[in-house]
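A.B. asks: Spelled out from the first residue to the last, the chains are:
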Amino acid sequence: MSDYLPFLVLGVTSGSIYALAALGLVVTYTTSGVFNFAHGTVAMVSAYAYYTLTVTHHMKPVLALLLIVLGLGPLIGIVVDKALFRRLVGAGSAAYVVVSIGLLVALQGLVIIKYGPTARPVPNIFPSGVVDLGQVNVGYDQIAITAIAAGLGLGLVVFFTKTQTGLDMRAVVDDPQLSELTGANASRTTAMAWMLGSSFAALAGVLLAPTLGVDATLLTLLVVQAFGAAALGRLRSLPIAYLGAIGLGIAGQLSTKWTGRWATEHTWLGGLPNSLPFIVLFTVLLVSKKGSFVELTRNVASRTQAAGLAPGARRFPTALLIGLVAVSLVIPSIATDSRVTTATTALAMLVVFASLSLLLGLSRQISLCHAVFVALGASTLGHLQNQGVPFLPALLLSGLIVVPVAGLLAIPAIRLSGLFLALATFGFGVLFQNLLFRTSWVFGTAGQLGVDRPSVFGHNLTGTKGFYWFTLVISIVSVLVIEVIRATRLGRLLRATADSNVAVETLGINTTAARTVVFCTSGFFAAIAGGLLGAQVSSVSTTSFNFLSSMLWVTVLVAAGAATLGGATLATLLLVAIPAFFTSAEVINYQTAAFGIAAIMFAQAPNGVIGLITELPRRAFVAKLADDGVPRIAARRARMAERLAVSGR
Amino acid sequence: MTLELRHVRAGYGRTEVLHDVSLTVPDGATVALLGSNGAGKTTTLKTIAGLVHPSAGDVCWNGKALGHSAPHHRVDQGICLIPEGRGIFRNLTVAENLAMHVRGRRKADAVRTATKYFPVLGERLSQTAGTMSGGQQQMLAVARALVTQPQLLMIDELSVGLAPVVIDELFAAVAMLRAEGRSLLIVEQYVHRALAIADYVYILHKGRIAFVGEPAQCEGGAVFSRYLGEGVA
Chain A
-5 MSDYLPFLVL
5 GVTSGSIYAL
15 AALGLVVTYT
25 TSGVFNFAHG
35 TVAMVSAYAY
45 YTLTVTHHMK
55 PVLALLLIVL
65 GLGPLIGIVV
75 DKALFRRLVG
85 AGSAAYVVVS
95 IGLLVALQGL
105 VIIKYGPTAR
115 PVPNIFPSGV
125 VDLGQVNVGY
135 DQIAITAIAA
145 GLGLGLVVFF
155 TKTQTGLDMR
165 AVVDDPQLSE
175 LTGANASRTT
185 AMAWMLGSSF
195 AALAGVLLAP
205 TLGVDATLLT
215 LLVVQAFGAA
225 ALGRLRSLPI
235 AYLGAIGLGI
245 AGQLSTKWTG
255 RWATEHTWLG
265 GLPNSLPFIV
275 LFTVLLVSKK
285 GSFVELTRNV
295 ASRTQAAGLA
305 PGARRFPTAL
315 LIGLVAVSLV
325 IPSIATDSRV
335 TTATTALAML
345 VVFASLSLLL
355 GLSRQISLCH
365 AVFVALGAST
375 LGHLQNQGVP
385 FLPALLLSGL
395 IVVPVAGLLA
405 IPAIRLSGLF
415 LALATFGFGV
425 LFQNLLFRTS
435 WVFGTAGQLG
445 VDRPSVFGHN
455 LTGTKGFYWF
465 TLVISIVSVL
475 VIEVIRATRL
485 GRLLRATADS
495 NVAVETLGIN
505 TTAARTVVFC
515 TSGFFAAIAG
525 GLLGAQVSSV
535 STTSFNFLSS
545 MLWVTVLVAA
555 GAATLGGATL
565 ATLLLVAIPA
575 FFTSAEVINY
585 QTAAFGIAAI
595 MFAQAPNGVI
605 GLITELPRRA
615 FVAKLADDGV
625 PRIAARRARM
635 AERLAVSGR
Chain B
1096 MTLELRHVRA
1106 GYGRTEVLHD
1116 VSLTVPDGAT
1126 VALLGSNGAG
1136 KTTTLKTIAG
1146 LVHPSAGDVC
1156 WNGKALGHSA
1166 PHHRVDQGIC
1176 LIPEGRGIFR
1186 NLTVAENLAM
1196 HVRGRRKADA
1206 VRTATKYFPV
1216 LGERLSQTAG
1226 TMSGGQQQML
1236 AVARALVTQP
1246 QLLMIDELSV
1256 GLAPVVIDEL
1266 FAAVAMLRAE
1276 GRSLLIVEQY
1286 VHRALAIADY
1296 VYILHKGRIA
1306 FVGEPAQCEG
1316 GAVFSRYLGE
1326 GVA
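These protein sequence lines are chains A and B, in that order. Take -5 as the starting number for the first sequence in our numbering and just add one per residue. Take 1096 as the starting number for the second sequence in our numbering and just add one per residue.
Honestly, the hints are just simulated from the structure, not real lab data. Hints should not be assumed to be uniformly reliable.
As the list claims (entries may be wrong) - Cut-off 27 Å, straight-line C-alpha distance, at most; resulting in silico cross-link-like pairs (DSSO-like, lysine-lysine):
# : chain 1 : residue 1 : chain 2 : residue 2
1 : B       : K1211     : A       : K156
2 : A       : K108      : A       : K54
3 : A       : K76       : A       : K108
4 : B       : K1202     : A       : K156
Chain A extracted, bound-state conformation (with noise of 0.2 Å):
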């Protein structure tokens, strides 16, 4: 037993850090109906903050954190909450999901342009120092961590339950209106719950800190295993999430203990720790009852539902496609060889950004995952041509073998929607990523695989133009095929269960197999542009494609546009052509910063910037129309109904 009470304690620390995130997430989900994907995000710039004032300002720890959870914490939440979030009320889920993805994208970039991405170590908060407990030893900051914690829990539990202002909070999510017809005021409900929710977040990323360094994409990780924490109590429950919290904690130090002894021998049990939360988090939502998981969305939106089709969604792009490929088959003639690399790179995720479209524009699922396809995608062509497959049909296959993986993923996205599905492919990521691209067999032994590139019926297509020329038509086979699926009858129906999945069944229609087909098809598709990017760099390893990946494509695909070619187009140019034309590092965290900026943007544009731009023919025009035909038409009707109420009929 005193083998394991170290473990414990470690456990219960850790545990409280996580409770205390958890604790914010839950707050601000029930509080304003918007899940945070950024709750991590707030958590790794309080940390910033902290390094700054202690580190470079040489202000007393203490003072510190208590400025920074007091203080930068709440401002944090006032801002977002006015700025980000009161701006999409009536907004569909996926918009609240995009903002605060945009939100973390853009903070993670910002961070990394001012402090760097290496790790930086930070001051203790709390005197060091151990109570000797006879069997083993607890450091003074272990038991004021927990204290905080268990304290806090209790804390917002009274206070929600036994208070006005929590009473207020939990109702004006019911209903913001009817509360304010009770005499609240839900605007200023609304803010203080965010300003609670991200003091929260501030307080436990300050609190991990001292044990971690300061490290951008580190803290923001680790911040979001409380989500696994929240999902136990359906993000609803305090108690539960924070209970869920401690337990993951302990569980997690536990696992490092077992695992241990073998972990030089199979290395992918040293991600397990740290994917305990996911695992949690994505066999939670997908195994409770469905219906259990009710999204808090506002009332008002039914009436301002959001944005509607996009135009030119349903017409198949021949114009561009046939532009693309006049402009493709130039390119190799006009440009140099680096040139031809980029052009070839961004075929490849022309075809990443239209199979990811087929999610996100077609049948609104959010997918936080996609990373992983173009991951496995590469790895098995890899794998297999060590085997002796040769180039294309080893190409093909690879797709094949990830539509499983796919597949899997179709089950949570038939049950969940919404933020649900985003939540559970966020999970099934990071799990991916922490878990599997550890072991031997997704990148090697080596955790990295090489890549060739192709011999196709005895022609050479190593060569740089050779394997453009070779790029070229896979993309564009792959971008028609989407394209086709689109168009028709398929096309129509997902973007029918996009708006209501009842109304499509009680068609007598199968929703259930176009949801897999869709999510088999953009995994299929995903693979083989894996394929082709792994060819192009020759290799991939563990670090080619991240959690992070997925989210940055989904904000650059939503900011440009996610419903058609064009917008899929337009994140191609903005993601892969104009970093090559600066040479600078800097220029890329500044691209992530905007993609997420972007995205915060147009979240609620049905098209993004693309559909903003082939709109503006057509808004011009009905604001013309406003300008001088409706109020003649609006007064020729007014002189008729009144012409009708007199005469009696």
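Fit chain B to the given chain A structure using the hints.
C.D. replies: Okay, now just chain B, sitting in the frame of chain A:
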């Protein structure tokens, strides 16, 4: 405390729903607001409650224009709207719903008053409101008016989707509020029930007041058949 709408125009976005509506609810009087679907009844109530702001004209309470004041300020001044549908917080318990309404004042008194008129609520204080039957939910919505004692009570479609016996019970509570001398403004699909307790009748037609009078003037059905369709009266 008199409520007066003076030449109010209001709507949603670019769509104007109310074109020049003037209406008065004298102190202690009961006014029935009738009209076909889309006539602007609910918009009128929302404008008075502060959920919709008039683009022209004034809503005056006790002689003072309310301007663009927020709904929760109007609640403080004694204006209460029970909105269409079930005006309750579905995810809160019955007791918490009542506590929302009395807002920090005496919660025990509120529960006592509510259960005196609707005993069934007393048995369900800790039940989540959204899981009760439609009739019980509407009782809870009306109980709010009983516990907050507003000066002006507006009820939007009290009887929608309910059984006649439940409607009787709800109208008994409304009649009692009327007897206590509170001003009532009622939108109701069962015209007879509304006329039975109303002192004055307004008929809205396409966003304009088409008729003002007393219930007796509505007898014979000529007014109704013109504005509400045949066979209503």
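A.B. asks: Going back to the hint list, which numbers does this structure go against?
C.D. replies: Per hint list: zero violations.
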